[in-house]
Amino acid sequence: MRARELFLLMLDHAEGRMSGKTLVQKRAYFLNLLLDLGLSYSPHYYGPYSAELDTAIGQCKALGFVDEHVTSYGYVSNGFEIKRYDYVLTQDGQIVVDAIKQREPTLCKRIRSCLDEIRQAGQLDYVKLSVAAKTVHILLSNRGTLSKHQIVEQAKEFGWDISERDVEEVMGFLKKLNVVPAVPD
Amino acid sequence: MREFRDPIHKFIRLTDFESSIVDTRVFQRLRRIKQLALANLVYPGALHTRFEHSLGVFHLASKMCDRLLTGSDKEYCELVKLAALLHDVGHGPFSHVSESVLEACYDRSSIKLEQTEKIHEKLTCQIISESTELRRLLGEDRTEKLTGLLQGTWGDKVLKGIVSGPIDADKLDYLLRDSYYCGVAYGVYDVDRLLGSLCVLNFGEERQLAVADDDIHSLEQFVLAKYYMTTQVYRHKVRLITDQMIVRALLLGINVDGIDWLRRIYAYDGSSEQLQEWLKWSDELLISSICNPSTPDGYAKRIFNSLQERALFKRIYHKRVREFSPLVRDRITQSFRGMQELLEQEVAGMIDLDHKLVIAHRYTIQSVREQSRDSEGSIMVSREAGLPVSFEEESVLFHSIDEAQKDEWLDVFAPVKFKDDRDRRLRMKELDKRITEAVESIVGSLAEKEREEK
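Each protein sequence line maps, in turn, to chains A and B.
Note that our numbering numbers the first sequence so that position 50 is 33, with each residue one more than the last.
Note that our numbering numbers the second sequence so that position 254 is 553, with each residue one more than the last.
Treat the hints with care, as some may be off.
Taking lysine to aspartate or glutamate and the EDC-like style, the derived pairs with C-alpha atoms no more than 16 Å apart in a straight line are [as the list claims (entries may be wrong)]:
(1) A/131 - A/144
(2) A/66 - B/692
(3) B/705 - A/140
(4) A/44 - B/710
(5) B/456 - A/152
(6) A/44 - B/622
(7) B/618 - B/710
(8) B/705 - A/35
(9) B/748 - A/51
(10) A/84 - B/749
(11) B/753 - A/140
(12) B/705 - A/51
(13) A/139 - B/505
(14) A/66 - B/707
(15) A/44 - B/707
Just so you have them, the derived chain B footprint on chain A, three or more residues with Cβ under 8 Å [said to hold, decoys possible]:
(16) 43 to 52
(17) 77 to 84
Worth flagging that the hints you see were computed from the coordinates, not collected in a lab.
Source: prediction; values computed, not measured.
Virtual Cβ for every residue (Gly too), placed ideally from N, Cα, C.
Construct the complete structure from the given sequences, taking the supplied hints into account.
Shown next, in the form of structure tokens:
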């Protein structure tokens, strides 16, 4: 499945609206991880990031499948997301989504149920989802168990400022998704 | 020490060692590869070559190294400068235009590419590795690191960013150089200010190239320059036509006319013999060989003769993809290749022409490669207080330019002749309607066929 189709299906699942680029990137990160969809992610300043997905978002805007609304919120204390980018599926986008569902019914069902699973694992906002993605990225790159302290220390190497408490808060979510090994205290 | 006079950078100074690299045959060959293929048919001054561009990239990479590589990093300066100097040695006739022919014709059973690897990058690195002269000068270790840097497999993000990235030395040079030789001012930006704004952002143990926030306007000026050059020069209507005519002529020459020597040029298989073959060719040699009386008559000769006489194909259809219905938009932008030939056949029927001479071409203002790898939006802007932010978030201009660049178009080119302006207007209006209907109908029947197959 291509990044564009994945993005449109994610929007459709979210009832046509998603708020924040980080949310889109990180939700797709987990979807990609669970279903092995082949999106390439690399560590970015704000966590794992897919340039391919970002390009797909740009294409969807250019083709009129998605509207983007930018809201400025000024500076946040931790320097996170100064502007919020909201994505809304247009009527044209909905036509394309319906065609994808008709063309790939099985895969679309898997994606929907996986998105349900992510939602049921915990209603994380974009900041927590970002911490969760960073934690997974560190754990998977180490191919082994790390303590919360070690995770926090390794995060610093990527310039990611997370605390042990942040890691603790997302562990329940990650355990439910069964994407990482158990993390000792 | 050797000095080259250069209209863009005034003096380009090379050490004796760097100069000996310039004197190798593989580098001197770049004097025979024009930077912008046949853009001189639009901008008569655009006759500059990959040779002087490579020197310019070397010069700017040197300046970037002086600014960004300090302390123990200084040991990498030489490698970065050499990588900049040699980054284009793999270019074939007509520069980037050849790449799509190479892409279509290389031997897939011998050459396996990594996921993000491009065939022309592989070829460039093989040329550097296998050139006897270069190997003797560079030695094994330096050759390995240098090719690794060009392929993105060696070096940190700062070193890579100087050689290949959204604000690499290549772009910094080609905008100024192409602008100068085309005789336009669109590509001019304040290079000294931009170079002065570059800094290294420490990213844990990693580092990356960034721009200081108080100099963000110099980056905006650069982005605007790139946008204007792309719309006015690189994606100029006539340039798109000449590029597509070259690609079509070469592919038809190989696949239909059966010109065996032409096939051998592009059938890259990784062998030393094939590499030697590739290195023999230049723009002029290829044109004169195809147009030579000893080459059998055929499509390639016919199209290249037309190019020589500037009897160019006409753009008979030009439509923003967004103007089609949603499913057509989706199909055109995701799997155009699957419908291209069908569309060309349909259009050929409308204008009573051989369908091989009708070219349907889908493109964006910005190349796909730039969208995914080289977008300036991802450049980090370093701030004195707080976390760095991306240029996309910081710049008021970037967003609208970036959106405009992602617009996609569908064009059709063909060797038609109009009696006069009135005839042109009437026929274009009729073709616009009929080609649009043909596109919708082709997409509809392809979707139907796929449904039946399922």
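Structure-based check of all given hints:
1. Between residue 131 of chain A and residue 144 of chain A the alpha-carbon distance is near 13 Å, which keeps this suggested pair within the 16 Å criterion.
2. Among the hinted pairs, residue 66 of chain A with residue 692 of chain B is consistent with the structure: their alpha-carbon atoms are about 7 Å apart, no more than 16 Å.
3. A hinted pair counts as satisfied when its Cα atoms are at most 16 Å apart, and residue 705 of chain B with residue 140 of chain A does not qualify at roughly 34 Å.
4. For the suggested pair residue 44 of chain A and residue 710 of chain B, the alpha carbons sit about 21 Å apart, so the restraint of at most 16 Å is broken.
5. With a CA separation close to 32 Å, the supplied pair residue 456 of chain B and residue 152 of chain A exceeds the 16 Å bound.
6. Between the alpha carbons of residue 44 of chain A and residue 622 of chain B the distance comes to roughly 14 Å, so the proposed pair stays at or under 16 Å and holds.
7. Of the supplied pair hints, the one linking residue 618 of chain B and residue 710 of chain B holds, its CA atoms being roughly 6 Å apart against a limit of 16 Å.
8. With a C-alpha separation of about 14 Å, the suggested pair residue 705 of chain B and residue 35 of chain A falls inside the 16 Å cut-off, and the hint holds.
9. For the proposed pair residue 748 of chain B and residue 51 of chain A, the alpha carbon gap of about 34 Å is over 16 Å, so the pair is violated.
10. Restraint check for residue 84 of chain A and residue 749 of chain B: satisfied, since their Cα atoms lie roughly 14 Å apart, inside the 16 Å limit.
11. Simply put, residue 753 of chain B and residue 140 of chain A have alpha-carbon atoms about 49 Å apart, too far for the 16 Å limit, and the pair is violated.
12. For the hint linking residue 705 of chain B to residue 51 of chain A, the alpha-carbon distance of about 14 Å falls within 16 Å, and the restraint holds.
13. At roughly 10 Å between alpha-carbon atoms, residue 139 of chain A and residue 505 of chain B fall within 16 Å of each other, so this suggested pair holds.
14. For the hint linking residue 66 of chain A to residue 707 of chain B, the alpha-carbon distance of about 27 Å lies beyond 16 Å, and the restraint is violated.
15. A C-alpha spacing of about 11 Å is found between residue 44 of chain A and residue 707 of chain B, which places the hinted pair at or below 16 Å, so the restraint holds.
16. Proximity of the segment 43 to 52 of chain A to chain B, defined as three or more residues with a beta carbon under 8 Å from a beta carbon of that chain, is established by the 5 residues found.
17. Coverage of a stretch by a chain is defined here by at least three residues with a beta carbon nearer than 8 Å to that chain's beta carbons; for the segment 77 to 84 of chain A and chain B the count is 3, and the condition holds.
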